[in-house]
Each structure stands twice: as C-alpha cells, then as structure tokens.
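So the sequences go chain by chain: A and P. Numbering follows numbering that gives the first Met the number 0, with no gaps: position 54 of the first sequence is 53. Numbering follows numbering that gives the first Met the number 0, with no gaps: position 207 of the second sequence is 206.
Derived from the structure by calculation, the hints contain no laboratory data. Where a beta carbon is used, it is the ideal one built from N, C-alpha and C, also for glycine. Don't take each hint at face value.
Cβ-Cβ distance ranges computed for the label pairs, FRET-style [as the list claims (entries may be wrong)]:
| # | chain 1 | residue 1 | chain 2 | residue 2 | range |
| --- | --- | --- | --- | --- | --- |
| 1 | A | A43 | P | I182 | 54 to 60 Å |
| 2 | P | R130 | A | L34 | 57 to 63 Å |
| 3 | P | E223 | A | A109 | 58 to 64 Å |
| 4 | A | G30 | P | D122 | 53 to 59 Å |
| 5 | P | D122 | A | L34 | 53 to 59 Å |
| 6 | P | K144 | A | P159 | 40 to 46 Å |
| 7 | P | D180 | A | L112 | 51 to 57 Å |
| 8 | P | R127 | A | G30 | 55 to 61 Å |
Next come the chains, spelled out residue by residue.
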Amino acid sequence: MTAPTETATTPAPAKPVTQLGDRIFAGSAKGAGILILVVLAGVAAFLVAQAFPAVVASPAELPGERSLAAYIGPLVFGTVLAAVIALIIATPLAIAVALFITHYAPRRIAQGLAYVVDLLAAVPSIVFGLWGAFTLAPAALGLMTWLHTYLGWLPFFAGPVSVTGRTMLVVGVTLAVMILPIITAVSREVFLQTPKLHEEAALALGATRWEMIRMAVLPFGRSGIISGAMLGLGRALGETMAVAIILSASGAVTFNLISSDNPSTIAGNIALQFPDSTGLAVNTLIASGLVLFVITLLVNALARFIVNRRREFSGAN
Amino acid sequence: MAKAIEARNLNIYYGSFLAVEGVTMSIRPKTVTALIGPSGCGKSTYLRSINRMHEVIPGARVEGSLELDGKDLYAPGVDPVGVRRQIGMVFQRPNPFPTMSIYDNVVAGQRLNNKKMRKDATDELVERSLRGANLWNEVKDRLDKPGSGLSGGQQQRLCIARAIAVQPDVLLMDEPCSALDPISTLAIEDLINELKAEYTIVIVTHNMQQAARVSDFTGFFNIEGTGKPGHLIEMDETKTIFSQPKEKATEDYVSGRFG
C-alpha cells in the first residue's frame, strides 16, 4: 500500500547545473548536426522520387531504348575508370609533394610550394577542362603514340590512338591534377602532426631520413592519406565540366585508354544530355545521379572501414 | 662492445647561439655517468651531441672534438646515421612506435640495418632484448599487440629493449624516468645497474637521489644566466660529488641550496 507512493515520491536525480551559454552552444551545435542529416535525407529523397519513374518504365520508353541498367552500366564503368586513373596518378604524387614540403624542402621553398599547391585548388574546373581539351590533349598525342607502340600489348594501350587526343587517359590526368591539391593538403597536415617523439625515436635508432619517414611519418599519416585520397576520389567521381569538355564519348565499355572509343561518366553525361532532355529522359539521368550518390557513399564507407581496421595501432590511444 | 667517450673543448652551437661551451669529459667504458644541473644548463644538449641527435635542429653544429674509442664522431665524412647506430638513446617520454607491435618495435633497429634474419634468429633477438630490459615476462604472451597499450614504465623498458637490440656501444638516457611513477622508476634504475655490465651509459637526470643511486661518475653542469652558454663545472666520482665537491656551486646544488 505504501510502496507505490514511496516510489512515486522518490526525487528525480538532480539535473546538473548548466550555464545558459553552454546550453545555447550545445543547442546550435546539435542543430547544425541535424541540419546536415536533413539536407542529406532531402537530397536522397529527391533522387529516389525522381528516379522512380525511370526504374519502373519499360526499356522501350527509355532513351536509346535500352534497359536502365544497360544505360547506366557503361556510365558507372566510365566514372569509376576515370576516377581510379586520377587516383592512381595523384596519390603517390601528392604524398611525395607533401613529404617534400614537410620534411625535405627548406622552410622558405616549402611555404611557397604549399601556397602554389593550394592555389591549384582555386582554379575552376571548367578552366581545367579547357586546358585539358586544348593543351593537354594535343600535347599527349606523342605520349599516347609511344605508349601504343611500346606497351600496346597491354589492353590499356591497345589503340588505335585517337587523333584528337581527347581520351580517357587525358581525362584521368586532368582529374589527377584537379584532385592533387586536396590530397596534398590533407597529407601535409597529418605529416606535420607526426609526433617529434616518434621521429626522434626512429632517428636515434640510426634511421636515415627516408627510413624515419617510413617508420614514423607514413604509418602515423596513413589514415590521413586515405581520407585525403577518398576526398579526392569523391571529387573525381563527381567532376562534370572537365570530363564533359575533354572526353569524346561513344559509350563503349573498354579499358582502352587511348582510343577515340570512350565510355562517358555519369556526371559528364548528365551535363551533356540534360539540356536536350524531357520527360522520362530526365528521370533516367536522375537515376544515374542516384547511382553516383550510392557509389560515393560506398567509397566513403570503405575508407572508414580501412581507417578503423587498424585503429588499435593508430597511436590515438 | 662498450666504448669510452672523450670530449675535448666541445662547444655546441644552435646557429649563432652558443649553447654549451668548453666541455672536456672522459667517460669510461662500462660505467654509468650521470649529468645533473638546473634546467637549461645544456646537459641534454651535450648528451644529444654524443650521438649527434641535436642535429635534428637546423643550424646545430659543434667545435672541438668528441671521440668514441679514439674515433672522432664529427670528422668529415662521418655519417650521423652511422653514429646513431652505435650510440643508442632512450628519451624523456616513452616513445614506442604506435603503429608497430611490441615485437616489431624491438626489431625496428635491426630491420634498419637491412640484415635479413631468419625467423628464429629474430625471435631469439626479441626475447634476449626484452629479457635484457626486464620486460619479457610481462609481454611474452602479447608480442603482437601494439606497444602503446603498455603502461608508461613498460613502454620505457620497451624503448630500452629496442635500443639494446642493435647492440650499441653506448646507451644515452635523457631523463628516462621523469614521466614515470616511483615503482617504474625503481625498475628502470635496477635495469641500469644490470646494463652497465655491458654498456657505457650516460644518463641525464633532474633527480639527484637517482644520480646518487645509479651512477659511478657525476658531471655537474651550470649556467650563469639565461642566454649564456652552459658549462661543465665539475666531474668526479659520484660519492665525491655528493660528499665533498671541489666547487662551491656544486655543493650548493647537490645540497639543495639552489636549483
């Protein structure tokens, strides 16, 4: 009889005293966090809703009278191919530049170089596109011919060499230049944060500078390099204008990087097709955008997984 | 193995700043030499100049001579990397490589020497070094775990194991116990006593009881004021320094009247 009343009157645990300023800050920070989720959910909802008509439509109604998968498949292939080429070229270069800036260059040169690399990030992508199409593409013809002559047995350089030079390889190189600054900047920051203690530990064991970098700097910066590369990959996957301007796309699915037969990319294809599209064609393009969204999401998840896998050894503990 | 160190009129500069002036010091093989003195007196700088680690700061250079068993460590053509392979170092704060396992930490120096070792030889080296650092029994079941998961004292002994794994001629210790609790400190001091059977040890310490406990010889460094260079005031057997030093400044310092 008395027991229930007793539990009812048990005082609630005292609320910790908080300052008004703290509460305002906590509230606005929480709000900002929620806003991101809302925006992301909004974008996803838009993509799904707009892509839906294309998903349920019969192949006959779609552009090219092919099934949706047959339409988007080659684009996915082209997107991933271009981004991977860019990443393969840019990542080692960015690591080298970041190491030079942080560990080899005299301070004055390092600062200047860091500034110039940052400046590269400020160049609009359309400028890179024009540069790629009108300067790099003709200039790369010689290299592509050389590759075809001497490495033609590799499927990548099977040829025949494109006469305009507007090939997948040129797109990849242009994208590499575009994502170089972001990977460099992120790598540089983590390399600078390598604890002096660990660098000295390696040097005191009799490590040369390069051995010290391998023992202390690179392992410490590993997760940072991966984050930077994934940021760059994200940009390369979504890059629109440069690809649209440079690439002469035919929609072929091929690993041949130097011929005039090239797969387009999702973003480039949307930019080129969108102005002339109506009705279901627009839904189809948005469906390809949804696929790009999912690819980017997967890439980020993969990066997280790689970074977390060896968390125990990261030095964060 | 253990070698003697002979410094003559050693001046150490950082750029144009003279940090330590005129150090003349003989360190005998298989002894423990403690360097004491107030902060900023140059004892750590002198210690680091012995394996040329002070050169990680751009502009660092020395005048005078510093010899290891008669070989000038600063002769032209001597590679600091080679010097550091002969003269190991243990730092103020334990610094095992966080990305490496305990096992890999111990063999890190050996791998630098690019000697291809058979697996059983490497295993034996790891066990010998960890036993040498009195750490084997505590870590033998978790050699593949990261070194950063150990306690501070264990990490410091891991660093000592890493340093002795390459069988250096000299072991330098820069305040190796200043970040450790008394029990861990005792473990390190016991270890120093065992290690001196094989190595020449030079240790910088702020703790005068520690200097009195572990060392055979003690050098007292002092500085006249900020911006002035540090000097070696006096060096003698430890019991002499602590009971009847020749210099007034030494007596004031070891008796706690200043510093």
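Q) Do the Cβ positions of P:D180 and A:L112 conform to the proposed distance bound of 51 to 57 Å? A) violated, 46 Å
Q) Measuring from beta carbon to beta carbon, are A:G30 and P:D122 in 53 to 59 Å? A) Cβ of A:G30 to Cβ of P:D122: about 57 Å, so the range 53 to 59 Å holds.
Q | C-beta pair P:R127, A:G30: status relative to the range 55 to 61 Å that was hinted | A | holds, 60 Å
Q: Could you say whether the range 58 to 64 Å given as a hint is met by the Cβ separation of P:E223 and A:A109?
A: Given range 58 to 64 Å: violated, Cβ gap about 37 Å.
Q) Is the hinted range of 57 to 63 Å satisfied by the C-beta distance from P:R130 to A:L34? A) Roughly 58 Å apart at Cβ, these two residues keep to the hinted range, so it holds.
Q: Could you tell me whether the CB distance from P:K144 to A:P159 stays inside 40 to 46 Å?
A: Violated: the Cβ-Cβ distance is about 57 Å, outside 40 to 46 Å.
Q) Given a hinted range of 53 to 59 Å, is it respected by the beta-carbon distance of P:D122 and A:L34? A) Holds, at about 56 Å.
Q: Using the beta carbons of A:A43 and P:I182, state whether their distance is inside 54 to 60 Å or not.
A: holds, 57 Å
Checked against the numbered hints given earlier, the structure breaks hints 3, 6, 7 and satisfies all the rest.
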